[in-house]
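There are 2 protein chains.
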Amino acid sequence: MSIKNSLITFCFFIFSIGFASAQNQVPIPTQAQLNWQNAEMVAVFHYDLHVFDGKVYNQSYNRITPIPDYNIFNPTKLDIDQWVKAAKDAGVKIAILTATHETGFALFQSDYSPYSMKALKWQDGKGDLLRDFKASCEKYGIQAGVYIGIRWNSFYGIHDFKVEGDSEFAKNRQQHYNTMVEGMVKEIFTNYGDWAMVWFDGGAHGPEQGGPDVLSIFETYQPKGLFYHNLQRADMRWGGSESGTVPYPSWGTFPYPAIGSGESARAEISKNNFALLKTGDPDGPYYMPAMSDAPLRGNGGHDWFWEPGRDNIIYPLDKLVNMYYNSVGHNSSLILGLTPNAEGLIPDADAKRLKELGDEIERRFENKINATSGVGELFKLKLTGRQKINQLVLMEDIAKGERVRKFLVEGKTKTGWKTIFEGSVIGHKFIHQFDEIEVSELHLKIQESKGEPQIKDFSVYFFNEK
Amino acid sequence: MSIKNSLITFCFFIFSIGFASAQNQVPIPTQAQLNWQNAEMVAVFHYDLHVFDGKVYNQSYNRITPIPDYNIFNPTKLDIDQWVKAAKDAGVKIAILTATHETGFALFQSDYSPYSMKALKWQDGKGDLLRDFKASCEKYGIQAGVYIGIRWNSFYGIHDFKVEGDSEFAKNRQQHYNTMVEGMVKEIFTNYGDWAMVWFDGGAHGPEQGGPDVLSIFETYQPKGLFYHNLQRADMRWGGSESGTVPYPSWGTFPYPAIGSGESARAEISKNNFALLKTGDPDGPYYMPAMSDAPLRGNGGHDWFWEPGRDNIIYPLDKLVNMYYNSVGHNSSLILGLTPNAEGLIPDADAKRLKELGDEIERRFENKINATSGVGELFKLKLTGRQKINQLVLMEDIAKGERVRKFLVEGKTKTGWKTIFEGSVIGHKFIHQFDEIEVSELHLKIQESKGEPQIKDFSVYFFNEK
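Protein chains in written order, with the numbering used here: chain A, 1 to 466; chain B, 1 to 466.
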């Protein structure tokens, strides 16, 4: 073989690999998205003026009714360490605080919005919950995120992103509001260090819709963070319900770069009660995993904010555990809404339930019978003799993308091989709980994939049902 | 004469006096109004965010355009003593400060409006211009008044007292705005001691017009003060121009209890370029003297606020002196608009002009040739031999009301009695300047009056024209 022929052959070989790769290419998460998926459990703390009004929160009313007296904000026993500790006890790795919610009141020291902690008598106008929250998160090794509500501002008069009216005054105030928001967002992004994620609730209208340009400020000052969301960008997607669950399968990939960009996309997303947000799209070119959010106080209510006398609607432990399986176990993240009260504390009942949840999850995964990992299509997991198992965990190395499309898990019982689960997506994590079965060996067979499967974990567990 | 007849006669006599009194009854000023008329010269300091923007103030634009960055408020050399001293040098006895103007920004520590000094970086959010102003006024023996603008609020979105729109949101925000204003007004009325006068510019919409109820708050907390104004009450009236003058005659009485209460009253008041506000009504049942206001910087401009590079439009001394004669000398008060600059000082040129004005007024009245006073219809003022005079002052004791309707002043020259002035109203003060004349005696003849004339001062002067 001449050198020339060898070179041609070599080039053809390279080209073939490139082609094959392109065919099998799957979206790759960013480092921030990997970090987010690895966190698995997230807490979002909602805190705003109406926590202190002694009344039951009525979102549609509160959106169009300014709080009469902002000095009701007076958490006399404020202890944000206690909030973060309570979340950590549940297993939370990322905690988020509402820097602003629908009143428009800013829980930090702003030089752009006077409707902020500077206005308060509390702490002589020097209070800054973002600062304190960041410090508490650091203390407990929790990553901090920030929720920014700009869609509503009952004080300034913003309804669904807009100043009402089309007078010159309304236009000028819209411009002023946008500038104020941009200033506040820059403050949040520059005065507190890095944020693991930024949550613009309800999305952020950008300049193309007459809104502030928050994305470019984010990209300038928080380049390593997660952005959720506007019509240009969403690093994760809402999971389509506030039930703390997504169905199976829930793919981490999505057909659009953002949620609701374009009319046809919006129609597509809304269909069948947000089915696309729940399931995702295995062929979607964008990595954008689902979030499963729910308020901890959602059992017969749906309280994102603390209200007096509502301890009774804290989800019972079994429902929360079920949520965990149907979120974290379904390639999603579980986002629990926690409600600091008017004293400035997570109520004891909530803190207790969070601890119970963390302990129960730990208990269910402490007895790992065996585990393997690797690259390929068949993974054999031999046990020491026959052993009882009732739970399995699968994880892909999603740094290389979600590759698996179809898989089968079988267990070797004393009467032969039995199917334990036939599935499609694995993604970051798939957890399956089942009636106990005695097996001596398990096989994970990847029946379809895009590119070679990269299995980070294939492990089995046994725990006693209580 | 029987006892019975005597009794009837006596009763008839009493009745006659009562009737005569009623016929001659004139409106009597309150103590606060007496105090106001005695003050004669008043300063109003306008200070607001746009003083710091380096641009020329455009009222109609500023009313509908929020200030982009309120932290431009940064008077690095603030010296309110210097403001008050400058006003005192002109002869001012009452000084007024704009607690809020059309931006809505409050120059004090408010717990009701976050758009106040608490929001500022300046003085670490602890600044309070009302507090400092009150202290400076006390230091210089000046009575302090306060101007409160509630008709416009470019930040909150108030245009001519109203939140735009008629949505539920707009209605709720209007209600909130009213509550906020009531709270701010109560703060102003309770946190700083007594105010000599309260000036609601453009009037104050009351509850009957969907506005806040500021009058009852005033009456509760500032019962001794002057109220200007709403549709129920005005303790003085705007003099119908911003020229610093009123014509002669300008009666201190008015046909309505307030300015513009009722459509026919509004029409009546607006007629002939506010003629009724200028002249008043000798038969009006309400004591409500005219104010003659003008910005010091009004000579080729009309600057209520400081703007850079506008020293050239400070009124020259002769125009200010003329203003004095046509306001204070016409039974009105002269209200000069003074403009602290972005450094926090009354500019040198303005302070110098104010001092010149004070000195010139003093000079013109220091050579009092003779004076008299008393009760009756003829007042004789004998001089020591024949002397040159060129100015006379008449004052009624208006604690008993404006009684004089028609009068004549004559001087005895070497060729006989000559008429110096034939007039109608005297009121608090009438000043007449005339070509010098040598007289040995003067007569003041009250030709018509309601009740017995009470002349507090009848004095003559001579000064050299410069």
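A portion of the hints provided could be inaccurate.
Chain copies aren't distinguished; within one or between two, either way the pair holds.
[What the hints assert, rightly or not] Quick list of in silico lysine-lysine cross-link-like pairs, DSS-like style, CA-CA up to 27 Å: (1) LYS456 / LYS466; (2) LYS55 / LYS171; (3) LYS406 / LYS456; (4) LYS186 / LYS126; (5) LYS382 / LYS418; (6) LYS121 / LYS186; (7) LYS171 / LYS77; (8) LYS77 / LYS126; (9) LYS171 / LYS319; (10) LYS319 / LYS418; (11) LYS382 / LYS93; (12) LYS224 / LYS406; (13) LYS319 / LYS162; (14) LYS224 / LYS186; (15) LYS450 / LYS368; (16) LYS355 / LYS126; (17) LYS445 / LYS352; (18) LYS352 / LYS456; (19) LYS121 / LYS134; (20) LYS382 / LYS456.
Don't read these hints as lab results, they were simulated from the structure.
Status of the hints after comparison with the structure:
1. In this homomeric assembly, LYS456 and LYS466 never come within 27 Å of each other (Cα to Cα): the closest approach is 30 Å inside a single copy and 101 Å across copies.
2. In this assembly of identical chains, the alpha carbons of LYS55 and LYS171 lie at most 27 Å apart only when taken from different copies (21 Å versus 34 Å within one copy).
3. In this homomeric assembly, LYS406 and LYS456 come within 27 Å of each other (Cα to Cα) only inside a single copy, at 16 Å, whereas the closest approach across copies is 108 Å.
4. In the homo-oligomer, the alpha carbons of LYS186 and LYS126 lie at most 27 Å apart both inside one protomer (19 Å) and across protomers (25 Å), since each shortest distance falls under that limit.
5. Proximity of LYS382 and LYS418 under a CA criterion of 27 Å is satisfied intra-copy only: 15 Å inside one chain copy versus 133 Å between copies.
6. Taking the closest pair of Cα atoms, LYS121 and LYS186 come within 27 Å of each other both inside a single copy (25 Å) and across two copies (17 Å).
7. Neither within a single protomer nor between protomers do LYS171 and LYS77 lie at most 27 Å apart by alpha-carbon distance, with minima of 42 Å and 36 Å respectively.
8. In this homomeric assembly, LYS77 and LYS126 come within 27 Å of each other (Cα to Cα) both inside a single copy, at 16 Å, and across copies, at 25 Å.
9. Within a single copy, LYS171 and LYS319 get their C-alpha atoms no closer than 48 Å, and across copies no closer than 43 Å, so neither meets the 27 Å cut-off.
10. Taking CA atoms no more than 27 Å apart as the test, LYS319 paired with LYS418 passes in neither setting, with 30 Å inside one copy and 107 Å between copies.
11. For the identical chains of this complex, LYS382 and LYS93 are neighbours neither inside a copy (32 Å) nor across copies (99 Å), given an alpha-carbon limit of 27 Å.
12. Within a single copy, LYS224 and LYS406 get their C-alpha atoms no closer than 33 Å, and across copies no closer than 86 Å, so neither meets the 27 Å cut-off.
13. In the homo-oligomer, the alpha carbons of LYS319 and LYS162 never lie at most 27 Å apart, since the shortest distance is 39 Å inside one protomer and 50 Å across protomers.
14. Taking the shortest Cα distances, LYS224 and LYS186 sit within 27 Å of each other inside one copy (15 Å), while across copies they are farther apart (49 Å).
15. Within a single copy, LYS450 and LYS368 get their C-alpha atoms no closer than 29 Å, and across copies no closer than 108 Å, so neither meets the 27 Å cut-off.
16. Taking the shortest Cα distances, LYS355 and LYS126 never come within 27 Å of each other, neither inside one copy (32 Å) nor across copies (43 Å).
17. In the homo-oligomer, the alpha carbons of LYS445 and LYS352 never lie at most 27 Å apart, since the shortest distance is 41 Å inside one protomer and 95 Å across protomers.
18. In this assembly of identical chains, the alpha carbons of LYS352 and LYS456 never lie at most 27 Å apart, being 33 Å within a copy and 84 Å across copies at closest.
19. For the homomeric pair LYS121 and LYS134, the shortest alpha-carbon distances inside one copy (22 Å) and between copies (23 Å) are both at most 27 Å.
20. With identical chains, the CA atoms of LYS382 and LYS456 are at most 27 Å apart within one copy only, with a shortest distance of 17 Å there and 117 Å across copies.
Of the numbered hints stated above, those contradicted by the structure are hints 1, 7, 9, 10, 11, 12, 13, 15, 16, 17 and 18, listed in ascending order.
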